[in-house]
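Chemist: The lines below spell out each chain.
There are 2 protein chains.
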Amino acid sequence: MKSLQIKNLHKRPIGVFDSGIGGLTVARALFEILPNENIIYLGDTARLPYGTKSKETVILYSIECLKFLLSKKVKMIVVACNTASSFAVPFLQKITKIPVIGVLIPGSEAAVNMTKNNKIGLIGTLGTVKSLSYKKAIIRLNKKAEVFSQACSLFVQLAEDGWTDNKIAELTAKEYLTDISKKGIDTMILGCTHYPILKNTISKVIGKNIKLIDSGEETAKKVNIILQEKKLLNTQKKKGEHRFFVTDFPNNFHQIAERFLGKKIHNVKQVKL
Amino acid sequence: MKSLQIKNLHKRPIGVFDSGIGGLTVARALFEILPNENIIYLGDTARLPYGTKSKETVILYSIECLKFLLSKKVKMIVVACNTASSFAVPFLQKITKIPVIGVLIPGSEAAVNMTKNNKIGLIGTLGTVKSLSYKKAIIRLNKKAEVFSQACSLFVQLAEDGWTDNKIAELTAKEYLTDISKKGIDTMILGCTHYPILKNTISKVIGKNIKLIDSGEETAKKVNIILQEKKLLNTQKKKGEHRFFVTDFPNNFHQIAERFLGKKIHNVKQVKL
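So the protein lines, in turn, are chains A and B.
Residues in the first sequence are numbered from 1 upward in steps of one, following this note's numbering.
Residues in the second sequence are numbered from 1 upward in steps of one, following this note's numbering.
Keep in mind that the hints were calculated from the coordinates and are not lab data.
Incorrect hints may appear among the rest.
A pair holds if it fits inside one copy or across any two, identical chains being indistinguishable in the list.
Within a straight-line C-alpha distance of at most 30 angstroms, the following computed BS3-like cross-link-like pairs (lysine-lysine) qualify [unchecked claim]: (1) K263 with K130; (2) K183 with K269; (3) K230 with K167; (4) K167 with K211; (5) K119 with K97; (6) K130 with K269; (7) K72 with K272; (8) K7 with K238.
When you get a sec, could you build the whole thing from the sequences and use the hints?
Modeler: As C-alpha cells, this is what we get:
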C-alpha cells in the first residue's frame, strides 16, 4: 500500500470527524484505548446535525470533513458519526488510500457476536434508521439475524442539554423504546454517538436482559486492531496530543464537550471547510 | 425610494426565509392576512437549525438566503426566524433597498403594547436568548419594561415530531417555564417560530393570565401595514401563488410542513445557495 511507504507515517495523528459533538464519545473511547496516539477531532458544528439531513447532503459534508483532515496529514480517518458512516464511508474510501473506518461495521460486528437469539435492536437518528445501513450490514454478517429499529430524534438534544437521568428523559425513552423492547431482542445497538450519554436511562427502560452495544467503543477497539495490523501504532512513550477543530464559533463547544469527554478541553480552533 | 420606481413592483412576490421549518408559522399568518400575495418561502434545511449557532455563522447564512430571494425578484423580505432576526436584519438591510423585516421588532412592539405591568417574558432558542436582542428592542420601546428570558432548546424537536400535547411536552414545558412564570410577568413572547405549535401546552403550564405574543402573527400584520404604506399591495383578485424552496432534499419537508401550515403543500424545490 502506497501510504505505508511514507517515512514515520506511524507518528502522524488519527483524524476523527463528526457532525458536531456526539463523536466525542468515540474520541473518548480512542483516548482510553490508545493513550499515546495524537488525535485531531473535527466537529462540523456550523452544519450540525447530520441526522435529519439527506444522503446527498451528508455525503457532500463528509467529503469536506475528510479533505480537511487529509490536509492535516492524518494516518487514518474515523467517521465518528453514525449518519455519515451510514451514507458516506464507501465514497470517502475512494478518495484516499489511508484507512477510513466508520462506526457502522464495528457496531454491527459486535452486535452479531453478542446476540444469542439473532434478534437485534437498533436505535439512531432518522437518517441512520431510514438508510437501513445497519440492517444491511448485520444481515451480511449473519443471514439469520432479524433487526428491529427505532429513530429517537429527541435523544440528541436531551444528551446535549444534560437532561439524561430526569423524568423527561425516562418518559421519552419509554415512548421510543417500549415497543422495540418487546420484540424479543437480546442486543441493542446505540446507533448514534450521542446515545451513550443516555445509557443508564435506556438500560433502565428496556431492562438489563438486553445488552447495549456502544458503536463508538467498538470502533475504538477496531482502530487499535487496524493500526496494529498495519504497523501504524504510535510508539511514543508520552501521552498523545489532542486537538479539536470546529466549523462554528466554539462558544458552547467547550461546555458540552466536557460533559461528553469527562474532562476539560483546550486547543479548540474554528476552521472553514 | 429607488425600488418604488420599478414598474409593476407591487405584483412581485414577498420573500420569506427561515433556517428550515419554523418560519412556516409566519408564512401561514401571511397567507391568512394577505391571501392575494404571491409568496416565495426559502427554508435552509441543509444547515438548520440556526438557533444553536454563532452570530457570525447565522449572519453569513442569512446573507446567502437574502441573495437567493433577491434573485427571485421579490418586493419585500421577511426574516421568519428569530435567531436570524436577532443577529442579521441590520446587515441585510444594508445589502438591499427593498424592505427587510424580521420577527423581532413586531413581536417586541406587540408585547410592549400588551403588558399592563411592564413585566415581559421571552422564550426562544439559546442563540436568541443569549443575543439579548429582544431585551434591547423592548427597553428601547419602553424604558420601564423588565424582561425575563428562558431558552427552551427541546421545544423545536418536540414541535417537529408532533409531540405537542403529550405528557413529555407538558413536563418539558414545566421544567423550562415554572421559574419564569413566577416572575410576575403578564405577557410572554414566543420568540421562536416553532413555539406557536406548542401554544396550548405552554399556556396550560404558565396559566391563562399570562398573554402569549406570537411574533410570527405580529410580523404578518406589520407586513400588511408596510405594503399598504408603500403602495405595494398586490391588487390581483385571484389567490396568491405559494412556492417553497429548501436547501436539503425535501424528503420530510412536506410532512412536517403540513403540520405547521395546516394544509398540504406542493411546489417544493431543492436549491443550492
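Chemist: Flag every earlier hint the structure violates by its number, smallest first.
Modeler: 2, 3, 5
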